[in-house]
Amino acid sequence: MSKTLIRGAKVLGGEPQDVLIDGATIAEVGTGLSAEGAEVIEAGGKVLLPGLVDLHTHLREPGREDSETVLTGTRAAASGGYTNVFAMANTFPVADTAGVVEQVWRLGQESGYCDVQPIGAVTVGLEGAKLAELGAMHESAAAVTVFSDDGKCVHDAVIMRRALEYVKAFNGVVAQHAQEPRLTEGAQMNEGVVSAELGLGGWPAVAEESIIARDVLLAEHVGSRVHICHLSTAGSVEIVRWAKSRGIDVTAEVTPHHLLLTDELVRSYNPVYKVNPPLRTERDVMALREALADGTIDIVATDHAPHPHEDKDCEWAAAAMGMVGLETALSVVQETMVDTGLLDWAGVADRMSFKPAQIGQATGHGRPVSAGEPANLTLVDTAYRGPVDPAGFASRSRNTPYEGRELPGRVTHTWLRGKATLVDGKLT
Amino acid sequence: MDKQQDARPVLEGPDIARVLTRIAHEIVERAKGADDVVLLGIPTRGVFLARRLADKLEQITERKMPVGSLDITMYRDDLRMHPPRALARTEIPGDGIDGRLVVLVDDVLFSGRTIRAALDALNDIGRPRAVQLAVLVDRGHRELPIRADYVGKNLPTSLRETVKVQLAEEDGRDTVLLGAKPDASGAHP
Amino acid sequence: MQRHLISAADLTRDDAVLILDTAEEMARVADRPIKKLPTLRGRTVVNLFFEDSTRTRISFEAAEKRLSADVINFTAKGSSVSKGESLKDTAQTLEAMGVDAVVIRHSASGAPYRLATSGWIDAHVINAGDGTHQHPTQALLDAFTMRRRLVGPDAGIGKDLDGRRVTLVGDILHSRVARSNVDLLHTLGAQVTLVAPPTLLPVGVETWPCEVSYDLDSTLTKSDAVMLLRVQRERMNAAFFPTEREYSRRYGLDGDRMAKMPDHAIVMHPGPMVRGMEITAEVADSDRCTVVEQVTNGVSIRMAVLYLLLGGNEPAVSHARPTEEK
Numbered sequence: 008m009s010k011t012l013i014r015g016a017k018v019l020g021g022e023p024q025d026v027l028i029d030g031a032t033i034a035e036v037g038t039g040l041s042a043e044g045a046e047v048i049e050a051g052g053k054v055l056l057p058g059l060v061d062l063h064t065h066l067r068e069p070g071r072e073d074s075e076t077v078l079t080g081t082r083a084a085a086s087g088g089y090t091n092v093f094a095m096a097n098t099f100p101v102a103d104t105a106g107v108v109e110q111v112w113r114l115g116q117e118s119g120y121c122d123v124q125p126i127g128a129v130t131v132g133l134e135g136a137k138l139a140e141l142g143a144m145h146e147s148a149a150a151v152t153v154f155s156d157d158g159k160c161v162h163d164a165v166i167m168r169r170a171l172e173y174v175k176a177f178n179g180v181v182a183q184h185a186q187e188p189r190l191t192e193g194a195q196m197n198e199g200v201v202s203a204e205l206g207l208g209g210w211p212a213v214a215e216e217s218i219i220a221r222d223v224l225l226a227e228h229v230g231s232r233v234h235i236c237h238l239s240t241a242g243s244v245e246i247v248r249w250a251k252s253r254g255i256d257v258t259a260e261v262t263p264h265h266l267l268l269t270d271e272l273v274r275s276y277n278p279v280y281k282v283n284p285p286l287r288t289e290r291d292v293m294a295l296r297e298a299l300a301d302g303t304i305d306i307v308a309t310d311h312a313p314h315p316h317e318d319k320d321c322e323w324a325a326a327a328m329g330m331v332g333l334e335t336a337l338s339v340v341q342e343t344m345v346d347t348g349l350l351d352w353a354g355v356a357d358r359m360s361f362k363p364a365q366i367g368q369a370t371g372h373g374r375p376v377s378a379g380e381p382a383n384l385t386l387v388d389t390a391y392r393g394p395v396d397p398a399g400f401a402s403r404s405r406n407t408p409y410e411g412r413e414l415p416g417r418v419t420h421t422w423l424r425g426k427a428t429l430v431d432g433k434l435t
Numbered sequence: 007m008d009k010q011q012d013a014r015p016v017l018e019g020p021d022i023a024r025v026l027t028r029i030a031h032e033i034v035e036r037a038k039g040a041d042d043v044v045l046l047g048i049p050t051r052g053v054f055l056a057r058r059l060a061d062k063l064e065q066i067t068e069r070k071m072p073v074g075s076l077d078i079t080m081y082r083d084d085l086r087m088h089p090p091r092a093l094a095r096t097e098i099p100g101d102g103i104d105g106r107l108v109v110l111v112d113d114v115l116f117s118g119r120t121i122r123a124a125l126d127a128l129n130d131i132g133r134p135r136a137v138q139l140a141v142l143v144d145r146g147h148r149e150l151p152i153r154a155d156y157v158g159k160n161l162p163t164s165l166r167e168t169v170k171v172q173l174a175e176e177d178g179r180d181t182v183l184l185g186a187k188p189d190a191s192g193a194h195p
Numbered sequence: 025m026q027r028h029l030i031s032a033a034d035l036t037r038d039d040a041v042l043i044l045d046t047a048e049e050m051a052r053v054a055d056r057p058i059k060k061l062p063t064l065r066g067r068t069v070v071n072l073f074f075e076d077s078t079r080t081r082i083s084f085e086a087a088e089k090r091l092s093a094d095v096i097n098f099t100a101k102g103s104s105v106s107k108g109e110s111l112k113d114t115a116q117t118l119e120a121m122g123v124d125a126v127v128i129r130h131s132a133s134g135a136p137y138r139l140a141t142s143g144w145i146d147a148h149v150i151n152a153g154d155g156t157h158q159h160p161t162q163a164l165l166d167a168f169t170m171r172r173r174l175v176g177p178d179a180g181i182g183k184d185l186d187g188r189r190v191t192l193v194g195d196i197l198h199s200r201v202a203r204s205n206v207d208l209l210h211t212l213g214a215q216v217t218l219v220a221p222p223t224l225l226p227v228g229v230e231t232w233p234c235e236v237s238y239d240l241d242s243t244l245t246k247s248d249a250v251m252l253l254r255v256q257r258e259r260m261n262a263a264f265f266p267t268e269r270e271y272s273r274r275y276g277l278d279g280d281r282m283a284k285m286p287d288h289a290i291v292m293h294p295g296p297m298v299r300g301m302e303i304t305a306e307v308a309d310s311d312r313c314t315v316v317e318q319v320t321n322g323v324s325i326r327m328a329v330l331y332l333l334l335g336g337n338e339p340a341v342s343h344a345r346p347t348e349e350k
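Chains as they are written, first to last, in our numbering: chain A, 8 to 435; chain B, 7 to 195; chain C, 25 to 350.
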């Protein structure tokens, strides 16, 4: 196997060091390492992070290959510095059987750009009525441990309770899309001053917060753990903070877009800003950043949601919800958390690699950058700053809210088990 | 707008009063007593002139003289060349214009396009027996086969010159000024 | 207000007064033997209605025809739209036929804004009502009706509605008429009070430039105009209020309540009225009720808007107009 020497990289933002990759493994970390027999990458002060792990990605295959496939989605992931992504279950057919999750897992293996860990549906057809065969999915080749009806909320309290209890048998976790369905009928955007003015149906914060409050109490009651998807409000932060202080086994994620964008952008009626949960207020954004910094929110997850052009090039009500995020996530986190002084690069590694791998029980990912560990790495030029150009995306879809926006940071190299998937910003 | 320093008066207050009196007499003479005359002024200054003419005609004939206004904005042929203009009032006297002698009154006759628009506007309001035109100043340069029946003053001008009528009702004084265009681009009225 | 009329909030006071003044002149055209002006000859206007609204469409059509525009009516029902064609494709198809302006009615809030700003088409866009967002020509015709009644057709020229007290009653939450009126009436200097059960007021209404009350009776005595908004019976099923009867008792305008209003005060309704719900027949048929006038005024207002947007080489509002030079 080949050797690669990454010379002068700030590992997790620390002092420059050399990292020697031998085959699929990190052989040595130190200074003045010998380059003999190795391809040398001059890092020149770039930051070296463990390969990023995304607990919340929509790869769309099977069913919506017009917006993304496992191949294009994993290429986008590698471009964004990811080495492992968790693929949500809302495909066509829904990933609610061992057969579908194995198919997605196998496509990920074949892609070679990024490991794909399928997420299984909690209920059959995401319909919230009947538990899917969670055990069978766990025992399949895909070895599913995270279950979610994402896109829909497991709103029935009894079904949610049963799911939380049932997955304890194989140490699974339910990732809840917290959205009280009745309170969000016809919802188009955050309910508040802007929605009142624009005449768009309101998605109230309480519809998220009431489900989170219920679910942390359920998790406590049945002694299970629960993960909250894309937490978006200041009130949700308070509830999770309270639950953690009480010892409840809850983890939570925030998306990059909820760390940066607010509902004021909806005034443009441009559906590129239409997303679920919706963009909230400045106050929410600040609370989310603070919560991510202090650990109340455990991880950043992209909720990468590709949609074809025609589903966004229309009137707001007719548009699909969601934004692509894999290729801009690290830049947005640098902009909102690192450059603001809220989080250092070690913190970024924790929120975007270590913790998500831990929650999803990803083996071989989210490991320290040290000798003997799998060589899943990403190298970031943090001094870079430039406008986002969707034309350069590896994703099949272009529905980014950041088009033309200047953001810092650029992933230049990604290694998956020692194999470079991204070199100088170009996919291999 | 009216910043040209070298503008010189060609008619002053007493001149304007005199020519209006003359026009009033001409109307009575040519319209044989003016008993079916309706005066319609073209906004803005044509309306004031029409009212002044009506006063004079009432003195001469000792009869009430119907007077109104005719806004031609919506009938202009140069609408597409400018932003839309604010509309002025069209006020047709109570007995209408059907079968009457309508005397259109305007301050300056230039290209004739305003009068063409006025004739179109009249057409939508009724059918006069005849239409005549009275103007305070005829400055020439007609672009249409239109002529005035009553002219206060014939004023030969070049296209580089501007004619500005000021009336007490609108401008605080009566005068007609001849000046040079600030830029000689020759924009038409 | 630039090339388009999307929201009443986009109008400055001077824009709005210019539109009202222009409408006053347009109203006089209706009294002439030939109710037609040649102003928009050769311009093509399409009435693009994705939502049924016969009265608004007819009002626009009358206005367009009185200004001699060529009119194309396009209703979504039975068209390619019902077969899945997008708004973008529909609009581009129409523009390819040489349309100068699109009057659009759409159930999706923001659809006219998208049409005007997305670069899909170059035509002028006039919002004829979008979802629960805006209905600017309705607000303009309402303001026009108030100015004519409360100030006077001639006395009102050049004036706004400074200090007039206007009360809007009913389903504010789902009402584009309410949003447009709050914006425009505030711009014109009126004091607006919204009256509704709390369920029919939007979250965030406290930031609007108006007062809010849950009590109709106490506001009636302090109103120069009371505008009733339609309350759809379906709202009852979504628990916005318990029963139709209870709604009428608390928020409906009947003869007794109308008697509490000042003598000069008028009753308005954008139509269609639900008699027996928000308004009794006695009030609807009284001479204080301006419903029929509002319809007439709607044509004048729409003529004014069409003229000011399409009548020249560029829109008139928010531009200094050159003074006439001879």
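Incorrect hints may have been included.
To be verified - Straight line, CA to CA, 20 angstroms or less: simulated EDC-like cross-link-like pairs of lysine to aspartate or glutamate:
1. C:Lys59 / B:Asp101
2. A:Lys251 / A:Glu227
3. C:Lys59 / B:Asp126
4. C:Lys60 / B:Glu64
5. C:Lys60 / B:Asp126
6. C:Lys59 / B:Asp130
7. C:Lys284 / C:Asp309
8. B:Lys38 / B:Asp104
9. C:Lys246 / C:Glu270
10. C:Lys112 / A:Glu187
11. B:Lys38 / B:Asp12
12. C:Lys59 / B:Asp104
13. C:Lys60 / B:Glu97
14. C:Lys89 / B:Asp155
15. B:Lys170 / B:Asp12
16. C:Lys60 / B:Asp104
17. C:Lys112 / C:Asp55
18. C:Lys112 / A:Asp320
19. C:Lys112 / A:Glu317
20. C:Lys59 / B:Glu97
21. A:Lys137 / A:Glu187
22. C:Lys89 / B:Asp12
23. C:Lys60 / B:Asp83
24. C:Lys89 / B:Asp83
25. C:Lys60 / B:Asp12
26. A:Lys251 / A:Asp318
What the hints assert, rightly or not - Residues of chain B clear of chain C, computed beta-carbon distances all greater than 12 angstroms:
27. Glu18
28. Ala37
29. Lys70
30. Met80
31. Leu85
32. Arg153
33. Pro162
No lab work stands behind these hints: they were computed from the structure.
From a predicted model like this one, the values you see are computed outputs, not experimental measurements.
Even for Gly, the Cβ is constructed at its ideal location relative to N, Cα and C.
Hints, verified against the model:
{"no.": "1", "hint": "C:Lys59 / B:Asp101", "in the structure": "holds, 18 angstroms"}
{"no.": "2", "hint": "A:Lys251 / A:Glu227", "in the structure": "holds, 10 angstroms"}
{"no.": "3", "hint": "C:Lys59 / B:Asp126", "in the structure": "holds, 14 angstroms"}
{"no.": "4", "hint": "C:Lys60 / B:Glu64", "in the structure": "violated, 34 angstroms"}
{"no.": "5", "hint": "C:Lys60 / B:Asp126", "in the structure": "holds, 12 angstroms"}
{"no.": "6", "hint": "C:Lys59 / B:Asp130", "in the structure": "holds, 8 angstroms"}
{"no.": "7", "hint": "C:Lys284 / C:Asp309", "in the structure": "holds, 17 angstroms"}
{"no.": "8", "hint": "B:Lys38 / B:Asp104", "in the structure": "holds, 18 angstroms"}
{"no.": "9", "hint": "C:Lys246 / C:Glu270", "in the structure": "violated, 24 angstroms"}
{"no.": "10", "hint": "C:Lys112 / A:Glu187", "in the structure": "violated, 33 angstroms"}
{"no.": "11", "hint": "B:Lys38 / B:Asp12", "in the structure": "violated, 43 angstroms"}
{"no.": "12", "hint": "C:Lys59 / B:Asp104", "in the structure": "holds, 17 angstroms"}
{"no.": "13", "hint": "C:Lys60 / B:Glu97", "in the structure": "holds, 16 angstroms"}
{"no.": "14", "hint": "C:Lys89 / B:Asp155", "in the structure": "violated, 36 angstroms"}
{"no.": "15", "hint": "B:Lys170 / B:Asp12", "in the structure": "holds, 13 angstroms"}
{"no.": "16", "hint": "C:Lys60 / B:Asp104", "in the structure": "holds, 18 angstroms"}
{"no.": "17", "hint": "C:Lys112 / C:Asp55", "in the structure": "violated, 40 angstroms"}
{"no.": "18", "hint": "C:Lys112 / A:Asp320", "in the structure": "holds, 8 angstroms"}
{"no.": "19", "hint": "C:Lys112 / A:Glu317", "in the structure": "holds, 10 angstroms"}
{"no.": "20", "hint": "C:Lys59 / B:Glu97", "in the structure": "holds, 15 angstroms"}
{"no.": "21", "hint": "A:Lys137 / A:Glu187", "in the structure": "holds, 18 angstroms"}
{"no.": "22", "hint": "C:Lys89 / B:Asp12", "in the structure": "violated, 48 angstroms"}
{"no.": "23", "hint": "C:Lys60 / B:Asp83", "in the structure": "holds, 16 angstroms"}
{"no.": "24", "hint": "C:Lys89 / B:Asp83", "in the structure": "holds, 19 angstroms"}
{"no.": "25", "hint": "C:Lys60 / B:Asp12", "in the structure": "violated, 44 angstroms"}
{"no.": "26", "hint": "A:Lys251 / A:Asp318", "in the structure": "violated, 39 angstroms"}
{"no.": "27", "hint": "Glu18", "in the structure": "holds, 19 angstroms"}
{"no.": "28", "hint": "Ala37", "in the structure": "holds, 25 angstroms"}
{"no.": "29", "hint": "Lys70", "in the structure": "holds, 22 angstroms"}
{"no.": "30", "hint": "Met80", "in the structure": "violated, 4 angstroms"}
{"no.": "31", "hint": "Leu85", "in the structure": "violated, 6 angstroms"}
{"no.": "32", "hint": "Arg153", "in the structure": "holds, 17 angstroms"}
{"no.": "33", "hint": "Pro162", "in the structure": "holds, 15 angstroms"}
The structure does not agree with the numbered hints 4, 9, 10, 11, 14, 17, 22, 25, 26, 30, 31 stated previously, though it agrees with the rest.
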